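Residue numbers for the sequence shown follow full-length UniProt numbering, beginning at 1 and rising by one.
There are no misleading hints in this set.
Simulated pairs of lysine to any residue, SDA-like, Cα-Cα distance not exceeding 20 Å:
no., residue 1, residue 2
1, K385, A396
2, K203, S227
3, K203, N234
4, K355, N328
5, K274, L101
6, K372, F406
7, K263, T249
Simulated from the structure, these hints should not be mistaken for lab results. Only a predicted model underlies this, so the values are computations on that prediction, with no experimental measurement involved.
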Amino acid sequence: MNNENNLNTGSAPHAQDASASSPSKKSLSQWLSYLESIHPSAIDMGLDRVKEVANAMALSLSQSLVITVAGTNGKGTTCRLLEQAMLSQGKSVAVYSSPHLTDYRERVRYNGELPPADEFVNAFEFVENARKNTGGEPITLTYFEFGTLAAMKMMQSWAVDVVIFEVGLGGRLDATNIIDPNLAVITTIDLDHQDWLGNTREKIAREKAGIMRKNGNAVVGELFPPSSLYDVANELQANVRWATQDFETVVANDYSEWSWKGKSNSYTSLPYPKIPLQNASTALAALELLDLLPEESVVRDIIENTTMPGRQQTISESPLVVVDVAHNPQATTAMQDWLNRYDVSQIRIVVGMLKDKSIAETLAPLAGLNAKWYVASTSGPRGCKAEVLENALVNAGTTIENIDTFQDVTSAYQRALADYQTGELILVFGSFVTVADVLAEKN
Numbered sequence: 001m002n003n004e005n006n007l008n009t010g011s012a013p014h015a016q017d018a019s020a021s022s023p024s025k026k027s028l029s030q031w032l033s034y035l036e037s038i039h040p041s042a043i044d045m046g047l048d049r050v051k052e053v054a055n056a057m058a059l060s061l062s063q064s065l066v067i068t069v070a071g072t073n074g075k076g077t078t079c080r081l082l083e084q085a086m087l088s089q090g091k092s093v094a095v096y097s098s099p100h101l102t103d104y105r106e107r108v109r110y111n112g113e114l115p116p117a118d119e120f121v122n123a124f125e126f127v128e129n130a131r132k133n134t135g136g137e138p139i140t141l142t143y144f145e146f147g148t149l150a151a152m153k154m155m156q157s158w159a160v161d162v163v164i165f166e167v168g169l170g171g172r173l174d175a176t177n178i179i180d181p182n183l184a185v186i187t188t189i190d191l192d193h194q195d196w197l198g199n200t201r202e203k204i205a206r207e208k209a210g211i212m213r214k215n216g217n218a219v220v221g222e223l224f225p226p227s228s229l230y231d232v233a234n235e236l237q238a239n240v241r242w243a244t245q246d247f248e249t250v251v252a253n254d255y256s257e258w259s260w261k262g263k264s265n266s267y268t269s270l271p272y273p274k275i276p277l278q279n280a281s282t283a284l285a286a287l288e289l290l291d292l293l294p295e296e297s298v299v300r301d302i303i304e305n306t307t308m309p310g311r312q313q314t315i316s317e318s319p320l321v322v323v324d325v326a327h328n329p330q331a332t333t334a335m336q337d338w339l340n341r342y343d344v345s346q347i348r349i350v351v352g353m354l355k356d357k358s359i360a361e362t363l364a365p366l367a368g369l370n371a372k373w374y375v376a377s378t379s380g381p382r383g384c385k386a387e388v389l390e391n392a393l394v395n396a397g398t399t400i401e402n403i404d405t406f407q408d409v410t411s412a413y414q415r416a417l418a419d420y421q422t423g424e425l426i427l428v429f430g431s432f433v434t435v436a437d438v439l440a441e442k443n
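Sequences are here, hints too, so could you generate the full structure?
In structure tokens, the structure reads:
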């Protein structure tokens, strides 16, 4: 995909409008409703359809340094730190990530900012024209595939120095993988999306390893990589930097600071990050491999100030409210660890999950906390009843007297706020939709 001609090499952030003569221009919200209707399923694994439309678009990002980030957890925050490090060096940077919390425009960042709605509209029009004019029947695209191609079109028109892709699902067959990356980053590997990726870490690792390229560069942040990941790396003869082997962290007992050591760089007394520490470590390893580590003072500043909406995000100091999109066992195991940094008398936990997640395994690491639980039902075809969460917590050892059930996340959150006492922490987690509901309440 990277050797095709660019349609627009200007640096101004304006995607080419391929259908200016269209009799009625859709708004962004109308486009999003349309995208939800044009494919019978939310997921359709395979890259042939996306590649065909990309070819019709003459899509190319060969002018940019491309970093693709896959993993079960930690993709978004790893992308964020990479983005901040590149921006600190005066580079133009575009990031594609998913899902969004409250605004679709969150899926694309241009130099740290959300593009205007018209940028997406113009790119959607371009993709629509291409998918309908490939020489045969119009090619079907899922919501995610359509949005991915539109994002790539926008990035091509901006001619940015650096493109960062967050993989949506897996890696090998994800729409982002039609572009060959200069660096593949794999953050973590755990059980999630088993229906699509396989029901073992070995199978899931092989899918995520699909973003690696023959003789290409890669960084693996997973502390315990399945053997299949080593197998793929060896098959591809990839230049891989592995966590614990090629880069490592040491954390102070009181979580106040940490040190990082890579192949040829090391830092001591770093400020504890506001994103998961291993993701910060993985991002530093990626920058080191690319020979793009900023100077030490800048590294410290970036680590201290990099945040990501919905990831260990403090949305209120009084009452103290932290939200996190953790929704699988690996994420809540990590959460159990980072909650130790809060010196609070009690935690009030608001949780809502989707029914296709590993609910019992996800809640189990937190079941023993000194906590009051506010479990909520979520709506929609993937929604999960509060009683399912309640049963999972009880089975994991939580006293039923410490669990209240609610019909929706907003009601659960409002009750937690009403019950809050000074010196406590309100934690909200379980899914993107749960965190989005609370953020909407805050606003």
